[in-house]
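J.: Residue numbers (the working numbering), protein chains in the order written: chain A, 1 to 387; chain B, 1 to 87.
Pairs of lysine to any residue, SDA-like flavour, derived with a Cα cap of 25 Å:
| hint | chain 1 | residue 1 | chain 2 | residue 2 |
| --- | --- | --- | --- | --- |
| 1 | A | Lys141 | A | Arg122 |
| 2 | A | Lys68 | B | Ile41 |
| 3 | A | Lys121 | A | His250 |
| 4 | A | Lys35 | A | Ser54 |
| 5 | A | Lys40 | B | Glu45 |
| 6 | A | Lys35 | B | Lys30 |
Residues from chain B that face chain A, not an exhaustive set, calculated with beta carbons under 8 Å:
| hint | residue |
| --- | --- |
| 7 | Gly39 |
| 8 | Ile40 |
| 9 | Ile41 |
| 10 | Glu42 |
| 11 | Tyr43 |
| 12 | Ser44 |
| 13 | Glu45 |
| 14 | Ile65 |
| 15 | Leu66 |
| 16 | Glu67 |
| 17 | Gly68 |
| 18 | Met69 |
| 19 | Glu70 |
Hints in this document: simulated from the structure, not taken from any laboratory. If you're wondering where the values come from, they're calculated on a predicted model, not measured in any experiment. All C-beta atoms, glycine included, are put in the ideal place defined by N, C-alpha and C.
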Amino acid sequence: MFVVLFRLLFGYVCFNAKGGFTERFINLCSVRKIKIRNIKIYENTLYAETSIKSYKKLKEISHLSGMKIRAIDKRGLPFFAAKNKKRIGLLIGLLLSVIFLIVSTQFVWSIEITGTQEANKRIIQTELEALGLYIGAPKKKINAYELADKAMMSLSGEVSWLAVNIKGSTAVVEARDYIKWREDETYREASNIIADFDGLILSIDVFNGKKEVNEGSAVKKGDLLISGIVENRDLSSQFLDASGEITAKHTVSGKLSQDSLNETTAFADIKRIKKIKILNVTIPLGFFKKEEGYDEFVSENKMKYNGKILPFSIIEVTRLYYKDSDKKLPDVNIFLDFYFQKNYEKMKNTLVTDKKYSIKERNGLLSLEYSYECIDFLGKKEKILIE
Amino acid sequence: MLNTKAKNENKNEGFICETGAPHIEIDGGKICLIEGSKGIIEYSEETVRINCGNLIFQINGFDLILEGMENDRIRVCGKIISTEFSY
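Chain B extracted, bound-state conformation:
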């Protein structure tokens, strides 16, 4: 019973709850999904810097588009060349 409760709580809180770090997915070098963002620090066609609480996640590439923003989720599309983390 306790276990199921704990599981449900974990589900509700998402991936961030365990380590406090954001959840980042990169799909084929073209789509990047970030969960747990706290806001955008910098946005241009070549760079997107996202505040993820205790780290800053940077995407470098070309023609970067913020396809969607919802709650703490951001979906970035374009040609992704590299990603960087800074603490």
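Only chain A is shown next, with the shape it has when bound in the complex:
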């Protein structure tokens, strides 16, 4: 690999030699310490490669061995530079891109958070940003161990473990969620875990009790998921407080009538501008007019190459301007996002995988039907009544 790189850096010539004495030619090269490589003979013609300096010396040798040499190909940087001597712009561009690459690799390009729930990722990212790990942060200033310790301390209620590793220009954050029981979790009596909504089981981890359903099975509300009654070898029964973590896919659907829409659909005007973000530097491609009373949504689209995140991203800023007189529905996707953000606390542990909507109009009244396909924690405790 390095040999090839060096050869390309200093340049080399591919040549052929005809007639005369091939062996004498090779031996003379060897004696005069002229390095020739990849010597091939094909139909009485010798093909080989040598450096630029050595090629100049070959003329004398070819004369002595009675061979006629001819350059077939010239490869490498010196030839490329000579060809593009007049294209100064190309050279400047090349230099600038190399400088940019060297400088930009000194910063964090992307932050990958793994091993935790989608909702927790946002919390972790916000905390890490406050501690100094953000996109565009200089890598030299980041002390991964110290940062992980501080983040673990401040996120003690959200994560049980956290580690930060800087791999190239990517900060990989590995975290484990702090598992806390919901409401009735302090309950220590014999209990089962039953489904609290209809869904398709994606994963089931049993901490205590007996698994009653498998991954991939569909369950209805009230179905037994983890049993608290465990049978011993001597056929006696043991009553436990069943515990476990079950994730399921389900659909949340609902309907918003005109009344509830009024609250949020008072937006009349939508304006969008785009910005280009290079690490920490943002270049706006447009400006908003000075108007008051709006909601702003920012979405960032990171550019990727071969699955790797690049330090460039396109930011789209959307502003929804209020106009009470107008009750027109804005872009429904933005509306749904708004609704989702409003209900964020409720759906904190929910990962939305798909969303569908339909707008209906009846007697001049608008209604919006929506359905979210979500992945959520499933199961609630149910007391076992022992007589």
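Once you have looked at the hints, place chain B on chain A.
T.: Using the frame of chain A, we list chain B on its own:
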């Protein structure tokens, strides 16, 4: 002390110093490395004959390429079928 000196001398002279014979390595029937060559006597796609002082080493095969030549070392690549020694 003397022993280390002798060892160093041996290292410098390579493998040839002990017996005066060349050092030949064949790797997987595709690569042949010869140390102690004095020149090439014959070279074609099917045959390479190398002068190794008091013996001549011949490689028979197909598509034989002299991949590199440096001082007294030659690296031959290709499909090697047989090798011969003649004194």
